[in-house]
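Starting from the known structure of chain S, fit chain Y onto it as the hints suggest.
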Amino acid sequence: MRTALRRFALVVLALVALAALFAPQIAPRDYSLQFREAPRAPAGGPFLMGTDDLGRDRFSRLLYATRISILLAPAAALVSVLLALPLARFTSLTTLCLSLPWIFLFIILRALLPLNASPWESILLTFGLMGVAGWAWPARVFAASLREIRQSGWLLQARAAGLSDWRISLVYVWPHLRAIAIAQFRALIPAYILSEASLGLLGLGVAEPLPSWGNLLAELQRPDAVRSNPWVLAPLALLMLVMICLEIVQPVREGVA
Amino acid sequence: MNARGLSRHLLQLIVIVLLGGFAAAALVRYSPGFDSIPEDLDPSISPEVLRALHAKNAVDNPLPVFYLRYLRGTLTGGFGISATLNQPVADLLRRRAPVTARLVALGTAGGILLGALFAWMAVWTRRVFLEATAYSISGLLLAVPPAVLGLAFFFTEAPLALALALALFPRLFGTIRALLDDRAASPALLAARARGVRPMAIALRYVIAPSLRQILALVGVALVLAFGSAIPIEAICGIPGIGALALQAAIGRDMPLICALALIITFFVTLAHSAGELMA
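Each protein sequence line maps, in turn, to chains S and Y. Everything in the first sequence is counted per our numbering, starting at 1 for the first residue and increasing by one. Everything in the second sequence is counted per our numbering, starting at 258 for the first residue and increasing by one.
This is chain S alone, in the form it adopts within the complex (with noise of 0.2 Å):
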């Protein structure tokens, strides 16, 4: 049964991604075309899933915003874990990273940077400060592995008899470190897609009119246009999906405040 559901996940991620990686061949229309005599357009005819106030086709820029929240959080997970391995060491810096929300540090660092950013800009920004604010988590994991490996008997034997560091670093430490890097960078990617939707609510996220799953979400703050067009749901619905499909394809969950 679990293996089944893991398979149908698998199988669900693979066709989200692959839509995302191809949405401009997908995609009807281009993400930023505005159509002025037709905004808020209800879904169906010409529109699949409606418009937005501006004119914008909903449908194409659903698949443009699963490009850019699907495929950048891997990246800035694999930042985050790329900056964690060296920093590890430096327990005080990651206890004081830690002591702040995660949300309030981004939130000072995003804001400090400039918030007329061009779309381009806003989406490395975004992504690229939760990779560097991000490091923190995976740095607590690999301290308390560097501990538990520091104490082994193995690494004791293979100092006795003679290895040098870099030797043992990379031959007996490294397969130890790496299968706790891979379970971050896993445990990250969810992690960062739901971040990125708090941000583009918050109005610090991608900047318009690339949109994100985060700044799709922000029409949800109106509830006329909820009513009206239920497909403004269609973010949230997708989003949700590939969050459980990551749950489940997840092995082990490490907790990411």
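One thing to keep in mind: the hints can contain errors.
[Unchecked claim] Simulated DEER-style distance windows between Cβ atoms:
1. Y:535 - S:222: 57 to 65 Å
2. S:150 - Y:325: 44 to 52 Å
3. Y:307 - S:32: 35 to 43 Å
4. Y:495 - S:227: 15 to 23 Å
5. Y:419 - S:5: 27 to 35 Å
6. S:71 - Y:344: 27 to 35 Å
7. S:150 - Y:272: 21 to 29 Å
8. S:8 - Y:413: 27 to 35 Å
9. S:26 - Y:355: 23 to 31 Å
10. S:171 - Y:271: 41 to 49 Å
11. S:3 - Y:386: 14 to 22 Å
Calculated from the structure, these hints are not laboratory results. Glycine residues also receive a C-beta, built at the ideal position from the N, C-alpha and C atoms.
Chain Y alone, transformed into the frame defined by chain S:
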């Protein structure tokens, strides 16, 4: 925990709080555009006056001077004046803190209760349907951004503390479930079951009592998680709490307010973590 351990935690708390405040001040001080002043946009002000104003700004704001002056003020009970709201920061915090404290306390209590209830259902009943339900609800809620949950509750005029509890519950469910699993397999509990001890007595004597320390430790973690989730909920729903204030301060680059919030939030978060570590 001996006196030495306690003092180590206390020292760590002080150092982290001071560093947290300094880091926030440094970030704001060296952010792009910090040296700009509103008078830059006024064409009627002469370049000489502007230069003098900039010079005054630079003299008033070197980071170490600002931070030391700020710390001295903090120790005497003042946090300065908010640059964006033009009100004493201490007053702002005094007014806003109870709103957030109430939301976070209710949300944490609700999240732990829900997590415990669902974990209980999953472990104790041993019914596949109930276990699957508990996992499905937890997984579903984990997939929703807390701010969206807040919005849904805000528009339906439901209590926001419940939204926070629902955002928190899936993050605690796994830990409580693991704890209960551990207790359920204990030989003392199995023996009590075999003796026919009533389920309520088993729950109190063999599950809740021995898990009290871990549950208290979990409260510290839960408070931190709840505060993290409360920030977007408050900001998006316009609740006048610390979370909304933090967003306002960050966007307005309000240095006194950001420093005060960083100091206070770091203090409480580190305190909660330390309390949790001491309990465990």
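For each hint, the structure was consulted:
no., hint, result
1, Y:535 - S:222: 57 to 65 Å, "47 Å, violated"
2, S:150 - Y:325: 44 to 52 Å, "39 Å, violated"
3, Y:307 - S:32: 35 to 43 Å, "39 Å, holds"
4, Y:495 - S:227: 15 to 23 Å, "20 Å, holds"
5, Y:419 - S:5: 27 to 35 Å, "30 Å, holds"
6, S:71 - Y:344: 27 to 35 Å, "44 Å, violated"
7, S:150 - Y:272: 21 to 29 Å, "24 Å, holds"
8, S:8 - Y:413: 27 to 35 Å, "32 Å, holds"
9, S:26 - Y:355: 23 to 31 Å, "51 Å, violated"
10, S:171 - Y:271: 41 to 49 Å, "42 Å, holds"
11, S:3 - Y:386: 14 to 22 Å, "20 Å, holds"
The structure shown violates the earlier hints numbered 1, 2, 6, 9.
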